[in-house]
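Novice: Sequence:
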Amino acid sequence: MLTMSFEVPDLLGPYLLPLLIAVPLAIVVFIISLRRGDHEVPPAGHNTVMPPLPEDYAPVKRAATAPLAPEAPVAAAPVQASGPIPLLVVDDSAVARAKLARLFEGVGYQVTVAKDGLEALQRLAEQRFAVLITDLEMPNKDGFELIADVQGSLETEDLPIIAITGHDEMQARVHQVQGLYGIFKKPWNDRELLKRVETLASLRRR
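In terms of my numbering, the sequence shown is numbered consecutively and its last residue is 208.
Hints in this document: simulated from the structure, not taken from any laboratory.
There could be a bad hint or two in this list.
With a cut-off of at most 27 Å between alpha-carbon atoms, the simulated DSS-like pairs for lysine-lysine come out as follows [claimed, not checked]:
no., residue 1, residue 2
1, K197, K117
2, K143, K117
3, K143, K101
4, K117, K101
5, K197, K101
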């Protein structure tokens, strides 16, 4: 029987064990980043659902059938007709929050971030925003619960909402949610997301 032996070069010996640990770990981290959307932006038209907006667009007033958001301890400041447009970005991924904040701040928006639905409701109680961009799968209060609270509150029922998801099963479920003005699957396309937010924010402030 032919046998083959493999000898590790002396120079490589001290680094072999760290390499055997680091390479599989890097693969796992990369797979997780793919699931969460923390990677490169896809081409235009990919992973995006954007319903058309009428020329006389205004967010639809909805009956308060969903659970109401907690009463605000402080009256929220109105959206100003001039100055930076305020956006609320909600995502439990610190990387996704940073990417979205950098994207919108880079073109002049005022961005407030929240790590889950509970923190988002606190921010909504403090300030009025032009557009809400929210992830769906989050701890404490997920995106679906946040959307229900926002749409069910008289204070925020006219707030345009864009949903972002990194999971196929969440994307299928979000199609059942009414009143969304865009659904973006991670990784989102920066240009398309910016265009949709710009349209919603500018029409809402007329």
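Novice: Indicate, hint by hint, whether the structure satisfies it.
Specialist: We went through each hint and held it up to the structure:
With a C-alpha separation of about 24 Å, the suggested pairing of K197 with K117 holds against the 27 Å cut-off. A hinted pair counts as satisfied when its Cα atoms are at most 27 Å apart, and K143 with K117 qualifies at roughly 10 Å. Between the alpha carbons of K143 and K101 the distance comes to roughly 22 Å, so the proposed pair stays at or under 27 Å and holds. At roughly 14 Å between alpha-carbon atoms, K117 and K101 fall within 27 Å of each other, so this suggested pair holds.
About 16 Å separates the Cα atoms of K197 and K101, which keeps this hinted pair within 27 Å; it holds.
Every hint, counting from the list given before, is met by this structure.
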